[in-house]
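Participant: Using the hints, position chain B against chain A.
Taken in sequence, the protein lines are chains A and B. Numbering-wise (my numbering), the first sequence opens with residue 325 and increments by one. Numbering-wise (my numbering), the second sequence opens with residue 325 and increments by one.
No more than 20 angstroms apart at the CA atoms, straight line, and that leaves these computed lysine to aspartate or glutamate pairs for EDC-like:
hint	chain 1	residue 1	chain 2	residue 2
1	B	K473	B	D698
2	B	K523	A	E496
3	B	K523	A	E627
4	A	K433	A	D381
5	A	K523	B	E496
6	B	K523	A	E622
7	A	K342	A	E434
Looking from chain B toward chain A, a few residues come up when the C-beta cut is under 10 angstroms (computed):
hint	residue
8	P518
9	G520
10	C535
11	K595
Hints listed in this document are in silico derivations from the structure and should not be mistaken for laboratory results. Even for Gly, the Cβ is constructed at its ideal location relative to N, Cα and C.
For reference, the chains in residue letters:
Number of protein chains: 2
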Amino acid sequence: MSIPNHSDLQATLDPARKSWIDSANDAACDFPIQNLPFGVFSTAQQAQARVGVAIGDQVADLAALHAAGLLRLPADTNVFARSALNDFIALGRDTWRSVRVQLSSLLAKETATLRDDAALRSRVFTKLADAKLHLPVDIPGYTDFYSSKEHATNVGAMFRDPKNALLPNWSEMPICYNGRASSVVVSGTPVRRPNGQLKLPDQERPVFGACRKLDIELETGFIIGRGNALGEPIACKDAEAHIFGIVLLNDWSARDIQQWEYVPLGPFNSKSFATTISPWIVTLDALEPFRVAQPVQEPQPLEYLRHSGEHAFDIALEVLLRPEGAAEATTIARTNFKHMYWTMAQQLAHHTVGGCNTRVGDLMGSGTISGPTDDSFGSLLELTWNAKNPLSLGSGGTRGFIEDGDELTLAGWCQGEGYRVGFGVCVGVVVPAI
Amino acid sequence: MSIPNHSDLQATLDPARKSWIDSANDAACDFPIQNLPFGVFSTAQQAQARVGVAIGDQVADLAALHAAGLLRLPADTNVFARSALNDFIALGRDTWRSVRVQLSSLLAKETATLRDDAALRSRVFTKLADAKLHLPVDIPGYTDFYSSKEHATNVGAMFRDPKNALLPNWSEMPICYNGRASSVVVSGTPVRRPNGQLKLPDQERPVFGACRKLDIELETGFIIGRGNALGEPIACKDAEAHIFGIVLLNDWSARDIQQWEYVPLGPFNSKSFATTISPWIVTLDALEPFRVAQPVQEPQPLEYLRHSGEHAFDIALEVLLRPEGAAEATTIARTNFKHMYWTMAQQLAHHTVGGCNTRVGDLMGSGTISGPTDDSFGSLLELTWNAKNPLSLGSGGTRGFIEDGDELTLAGWCQGEGYRVGFGVCVGVVVPAI
Chain A
325 MSIPNHSDLQ ATLDPARKSW IDSANDAACD FPIQNLPFGV FSTAQQAQAR
375 VGVAIGDQVA DLAALHAAGL LRLPADTNVF ARSALNDFIA LGRDTWRSVR
425 VQLSSLLAKE TATLRDDAAL RSRVFTKLAD AKLHLPVDIP GYTDFYSSKE
475 HATNVGAMFR DPKNALLPNW SEMPICYNGR ASSVVVSGTP VRRPNGQLKL
525 PDQERPVFGA CRKLDIELET GFIIGRGNAL GEPIACKDAE AHIFGIVLLN
575 DWSARDIQQW EYVPLGPFNS KSFATTISPW IVTLDALEPF RVAQPVQEPQ
625 PLEYLRHSGE HAFDIALEVL LRPEGAAEAT TIARTNFKHM YWTMAQQLAH
675 HTVGGCNTRV GDLMGSGTIS GPTDDSFGSL LELTWNAKNP LSLGSGGTRG
725 FIEDGDELTL AGWCQGEGYR VGFGVCVGVV VPAI
Chain B
325 MSIPNHSDLQ ATLDPARKSW IDSANDAACD FPIQNLPFGV FSTAQQAQAR
375 VGVAIGDQVA DLAALHAAGL LRLPADTNVF ARSALNDFIA LGRDTWRSVR
425 VQLSSLLAKE TATLRDDAAL RSRVFTKLAD AKLHLPVDIP GYTDFYSSKE
475 HATNVGAMFR DPKNALLPNW SEMPICYNGR ASSVVVSGTP VRRPNGQLKL
525 PDQERPVFGA CRKLDIELET GFIIGRGNAL GEPIACKDAE AHIFGIVLLN
575 DWSARDIQQW EYVPLGPFNS KSFATTISPW IVTLDALEPF RVAQPVQEPQ
625 PLEYLRHSGE HAFDIALEVL LRPEGAAEAT TIARTNFKHM YWTMAQQLAH
675 HTVGGCNTRV GDLMGSGTIS GPTDDSFGSL LELTWNAKNP LSLGSGGTRG
725 FIEDGDELTL AGWCQGEGYR VGFGVCVGVV VPAI
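Next up, chain A with everything else stripped away, as it sits in the complex (with noise of 0.2 angstroms):
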């Protein structure tokens, strides 16, 4: 396995780049050759989960490929024959990178090895839709921010005082708290209501019973694709190259429990029961060509939360919501992740700057994502106002916060010229309580 250069990842990344998998050359696939996401597959032919990549509307197999002698790796070891993707990862930047650019070749439209051999490429293609998508990652721990400064005056304003909405805390660092690693589900799963305590206004003592204000947090999350030891910081400038890749999350949220139950420790059980991400990695190399500024932060952070450059990116982002039965989805907000006041590099650099050491696959959710406009914010919640202002859907009624059979799709995507570096989905519908 060679180390790729600068300008073999560059190439990796050229507009003009096509594949000759046609339907990757669409310009509005989420994977064109440009992109080349990873996630763990499976399918009825082969219920072993294994690591693909997904390109146009199919998934490359990469242990098929690696089996084939076609993808070169430091060590013999297929680790893309695992359920997950972390003993990949571990093998460190320099593997990742030199994949990508193999895969690039291997996929462009000029390379005739997989092309012409309708023999491999039977082995190691399957279309997307007919593959089972797993968690791609086993994820030690997660971690979630509250980054975006939209969101955490809209809550401060709902919750505690619209003249003082942020706490003083809030613009000195990344806040974020440790979320339940277990209950994090791919794309597609299930997700049921939650029972828990709810304190009624009427009542003096809490009720226990189905969560009333069941709602979504429009989030990204980005993996570590290189720890740290414990009592060794990772440093502001250096935080980026520990970030393997994002995928897109929504931390379900009960409300109604939520309030009642995290002061003085934080939300537990109204986050506990699902939290969901997309089942593709996408890397931080293919969202190079997307990085920008970062909001202007004031006052100047500490120190240790400095770092020079552009450290946001331009990843467009929806939400749509579609009730049991109905034809159509509707989109019920749009915004971006560049408005997130906190970067990751800031957030990682925060995270371990007591000493918290991180792992291969931990998971660090952005918070939620709300802009500036009311039709751009994360959550229900926000959107209509604690169900003060209920949405009304293309299909016929509205919604305060969401309804049993509700299937809610989270979408993101990185807009080039000509191409789209997209995210797939994160769709979850919402089953009743038990």
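Facilitator: What follows is chain B alone, placed relative to chain A:
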């Protein structure tokens, strides 16, 4: 492997049972034949970590016992030849109990098998003093509760309002939050004083620096022995069958970092730099004789948190502090686990009631265990009332919070008739910030 019945288990708890390992028969020994706690160890001669049981001043190597055909399991795989207990624990409660019964018999005074076979004994036993003890389980998830009424009241009085020290939700549910599993370390691991943001009273903005209010929290933690699937809560009456055993836990806390960061999502960097647990897991079976009634709960908890019978355990606990170079440690707190308001069963029922899944090896901290008297508080924050009343140490000097070089030790035991079931110790020495 035969499944032990009630009388087999009772026999392992017989106070009159003695071991042919003399040190185990000492009334002050933590590890008599009635205890048989599980851990993971390695030795200078054999660096590969494996499962052991503490008995007197010795460790019995269960991998070696199994290899010698003296310890039967339901399948042939030697799950003791692993660097964590998870695979053994996953075999289920019948197996834990069978192994306990088999070990109790092998180690009993009247059993000749090991007692009279010097060659075998030399393969199986290591002096505790010569064993390197490892983290006993891989911990997929770590949750920390807040279940001592005295602790919650003390903290509320100090930081919020002495007149309304206990928040209204506290009496209705075992409040908890997700901790950071990656930084749970085994007793003996040095603890580095964390850096972080400190908000000093005389400055408008926070400064970055080493924690000035480093503290301990005296806790126990229980280890999940049988998990539950997502969406399938564990009923309160069934919860104890899901618990493998208990360790001592020191939830190191940076009070100044905590006070600035914890609103509104709870503590994060103030806790994630280290959590120390004791290396020996004392099984719930060994604790059975020390079961006592929990405190009366008023108001009566909601239905899902109710159980009949006794679900507290009489575990004496103490905290010792030894400054660097001092010959003697000072006992700075004495309390008892039986004071805890919420039981472990209630904690686990609440943890899963919304559908959250748990996994074998999950660690659930009790929360700081403070008793009703001023010398029974489980943190320096409470013992010194935020450094207002410094403690005098026997070796000279005083402490408001922890200083570099201080060695903090938690100890715990259940007092039987002529023996005690001990937890060993949970120790950490604080080293200076980087």
